[in-house]
Amino acid sequence: MPYIYADPSRCTGCEICVLTCSFTYFKVLNPKKARLRVVRMEPAIDLVIACRNCERAPCMEACPNEAIKRTSKGIIVVDEGRCDGCGRCVEACPLDAIHIPPNGRAPIKCVACGACVQACPVGCLKMAYSFEEAFEKRRNYAERLKEIILSLRNSG
Amino acid sequence: MRYKGYAGRILWIDLTHEKVRVEDFPEKLAERYLGGSGICARILYDLIKPGIDPLSPENVLMFATGPLTGTLFPQACRYTVAAKSPLTGIWGESHAAGHWAPELKFAGYDAIIFLGRASKPVYLWIDDDEVEIKDAGEIWGRTVLETDDILREEHGEDVKVACIGPAGENLVRYAAIMNDRYRAAARSGMGAVMGSKNLKAIAVRGSRDIEVADPEAYMDHVRRWHRKMLSHPFMPDRAKYGTTNLIELMQKIGRLPTYNLRQGVFDEYYKIGGETIYRKYLVKPVADFACLQRCGRYTAVYNEPYRCMGGGPEYETLCSLGSRCGVSNIEAILYGNWLCNNLGLDSVSAGGTISWAMECYELGLISRDELDGLDLRFGNEEAMIELLIKIAYRRGVGDLLAEGSWRAAKKIGRGTERYVMHVKGQEIASQEPRAQKSMGLAIATAARGADHLYGFPVLDEVGFEKEIRERFGEEYLPEIADRLNPKYKGFMVKECEDYMAVVEAVGVCKYGTQIPPVFYYQDMVDALRVTCGMDVDVRKLKMIGERIVNLNRAFNIREGISRKDDTLPERLTKVPAPLGPAKGHVVELDQMLDEYYRCRGWDLETGKPTYEKLLSLGLEDVAEDLLRKGLIRKAES
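Protein sequences appear in the order of chains A and B. Heads up, the numbering used here is the position in the first sequence plus 10, with the first residue counted as 1. Heads up, the numbering used here is the position in the second sequence plus 69, with the first residue counted as 1.
Derived by calculation from the structure, the hints in this document are not laboratory data. Heads up, some of the hints might be wrong.
[Stated by the list, open to error] Pairs of lysine-lysine residues, derived as DSSO-like cross-links and limited to a Cα-Cα distance of at most 30 Å, are as follows:
| id | chain 1 | residue 1 | chain 2 | residue 2 |
| --- | --- | --- | --- | --- |
| 1 | A | K42 | B | K535 |
| 2 | B | K633 | B | K611 |
| 3 | B | K611 | A | K42 |
| 4 | B | K579 | B | K97 |
| 5 | A | K136 | B | K353 |
[Stated by the list, open to error] Chain A regions said to be covered by chain B (calculated; three or more residues, Cβ under 8 Å):
| id | segment |
| --- | --- |
| 6 | 24-30 |
| 7 | 39-45 |
| 8 | 53-66 |
| 9 | 128-139 |
From the three backbone atoms N, C-alpha and C, an ideal C-beta is built for every residue, glycine too.
Start from the sequences, fold in the hints, and give me the full structure.
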């Protein structure tokens with residue numbers, strides 16, 4: 011399933027993606043109205059949180075009105091017409107990736123439109139597909155390991 | 070408020086009577102002063118009575134964002150904090166980036182004004198319309214990082230905190246206000262003013278919209294600005310080194326203050342420079358809100374005794390705790406930087422004060438006994454670190470050094486005054502003006518005492534000839550671009566001061582507007598039009614900048630400032646640089662000052678704006694006020 015991903019060791023936490031998102035969908039600047047968010051944690055971690063479109067999605071299972079559906083591309087979307095704003099999906103999500111925006115009724119979540127990917131000044135945001143992402147991560151770890159081994163050899 | 074981009078409201082907090090009031094942001098104020106440094110200059114000129122004690126309840130502390138703060142304009146994340154300075158006794162103002170200022174706007178406030186003094190330690194909690202003065206018993210006495218942790222534990226992970234550390238509580242005259250843990254509004258002692266008001270912190274959460282005037286065109290403009298910023302040739306180095314590689318660049322042109330500004334080159338510069346930090350200590354570049362340049366650093370020292378990790382350092386700190394104190398142990402400097410952040414100290418004035426004490430100690434003007442037994446030679450990093458802690462808590466000799474080098478020297482006497490590297494009571498930052506004449510002038514004229522950022526005339530520093538031509542015209546070249554030539558520097562500093570005032574008024578960073586010089590007046594005009602719907606042009610903006618600078622000057626004139634105070638230490642104007650590329654040079658200050666006052670339309674003899682000048686800027690009330698007090702004259706007709 012596709013989702014928005016950023017390497018937390020490369021993301022700088024500028025929140026340009028967040029503002030771009032809120033402007034794309036609401037025509038205002040307001041991080042609380044964005045479909046993704048960036049959480050800064052010590053030490054030096056900036057974590058982009060966006061819906062992973064889980065295979066077995068707790069939000070879908072929690073919805074009493076069948077207002078949360080999956081498109082043919084695998085993206086989970088909220089059907090505002092069927093949603094009564096009960097908020098059970100928000101409680102069910104383990105990632106905190108779906109929320110009801112200020113003054114809103116129905117919850118919003120990332121629909122992987124990619125507007126933020128284009129706006130990221132560091133180029134670290136990307137549209138990821140689970141299996142490719144796993145491969146990429148393994149390759150990155152291997153690269154880093156190579157660096158460590160080389161530096162150990164040089165210093166030893 | 071008719072204009073978009075603004076939150077449209079100003080928050081008034083009367084600490085003495087524990088009263089909270091919300092007022093609309095007057096449109097006239099926006100049109101004449103924009104926001105940030107501009108509205109601070111205007112409102113505080115009216116609110117602060119001349120002659121008051123900066124640490125008394127009569128002082129007024131004001132935080133202000135700009136109309137672009139919190140928007141997608143590159144680096145639009147800044148706020149101004151201003152009051153009468155306890156370090157200089159004149160206009161005090163400081164700026165910082167981070168995520169705090171945008172959050173304040175998302176909560177629905179452009180500015181906060183603090184009056185009076187709380188009877189016991191308090192902090193301000195803002196959650197959109199809920200504004201509360203709360204008891205700070207639990208956080209008073211805590212460091213900056215502890216305070217941030219506790220307040221976010223209490224109010225939520227997404228809350229943004231601006232606070233003071235022990236230095237501010239103990240009224241160290243150069244205490245900083247820290248926000249988002251590692252961001253400092255450091256200069257001119259705003260942290261001490263906050264401490265004197267018994268105000269420990271301001272915690273904010275906001276969920277309101279910032280609207281833009283032209284939503285259809287907005288994103289096209291944003292993409293254009295971002296492309297323009299990202300395509301600048303400076304960008305890769307900025308991300309890689311932040312400002313740390315300025316150590317190497319400044320060494321190359323002999324502009325790296327060393328041994329209390331005795332000289333502009335440091336033999337061991339490479340040990341404290343950008344390359345060392347990048348290779349051994351950088352964890353990650355971090356950005357502030359809406360920042361594309363990511364010059365912020367996150368660094369870590371893994372070994373004892375200087376084990377630490379956190380934000381920074383900037384060039385300023387590397388120099389002031391490094392070459393300026395003769396310290397080449399980079400791990401000690403990084404630890405000192407961490408300490409300054411955590412204790413809430415201005416690292417520039419702290420390093421400046423310590424390096425003054427070091428020189429006086431080596432010359433035998435201050436004895437070891439007076440320094441609590443510390444062997445304060447240049448290069449003694451252990452003593453430097455110990456002093457930082459003593460200063461923040463005012464322990465032992467720290468109590469004296471917490472007053473700043475100028476006051477400390479006046480107290481000690483014995484000729485130590487000669488070695489104070491200050492203007493108007495504030496320590497000179499990490500610029501050796503003998504190697505860049507425009508900087509010497511800018512430091513002498515800046516409204517908050519010695520300060521490189523007020524005018525920030527860096528265009529002649531590393532050859533931005535193309536930009537100089539675009540901004541000022543062909544006729545001033547080549548002299549204006551020659552950093553060792555005093556010619557045309559009065560003109561350049563005047564122009565830069567006006568522009569920097571506008572930049573701080575709209576809430577964006579000097580990086581990206583001045584160095585590298587990517588955005589200029591026309592970009593600000595576009596941004597204000599599309600974001601705020603404000604009908605401005607370049608001429609109007611230039612006038613706003615000039616108006617702010619003149620208002621700052623008027624504030625200082627009321628406090629007794631005139632040409633006699635626009636000066637530099639004799640070391641810089643009389644003693645030729647002993648070493649390096651600027652060897653033999655002094656700062657030709659008087660010549661540049663004459664040109665500067667002439668360009669400003671100020672009286673050549675007194676350095677004061679004329680009555681007519683103030684009128685032409687629409688400052689009739691200020692002109693009348695100064696005239697009535699006998700501080701300025703009308704031109705003889």
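Is the Cα-Cα distance between B:K633 and B:K611 30 Å or less? holds (27 Å)
Would you say the segment 128-139 of chain A counts as covered by chain B, given the rule of at least 3 residues with C-beta under 8 Å? holds (count 3)
Count the residues of the segment 24-30 of chain A with a beta-carbon closer than 8 Å to any beta-carbon of chain B: does the count reach three? Contact hint for the segment 24-30 of chain A vs chain B: holds, 5 residues under 8 Å.
Do three or more residues from the segment 53-66 of chain A put their C-beta atoms closer than 8 Å to C-beta atoms of chain B? holds (count 3)
Taken at face value, is the distance from the CA of B:K97 to the CA of B:K579 at most 30 Å? Cα-Cα ~26 Å, so holds.
Check whether the Cα positions of A:K136 and B:K353 lie no farther apart than 30 Å. Distance of about 19 Å is within 30 Å: holds.
Holds or violated: A:K42 with B:K535, Cα cutoff 30 Å? Answer violated: A:K42 to B:K535 is near 42 Å, above 30 Å.
Chain B covers the segment 39-45 of chain A, three or more CB atoms within 8 Å, holds or violated: Holds, because 5 residues of the segment 39-45 of chain A bring their Cβ atoms closer than 8 Å to Cβ atoms of chain B.
Is B:K611 within 30 Å of A:K42, Cα to Cα? Judged against 30 Å, a Cα distance of about 36 Å means the pair is violated.
Consistency with the previously given hints fails for numbers 1 and 3, ordered from lowest to highest.
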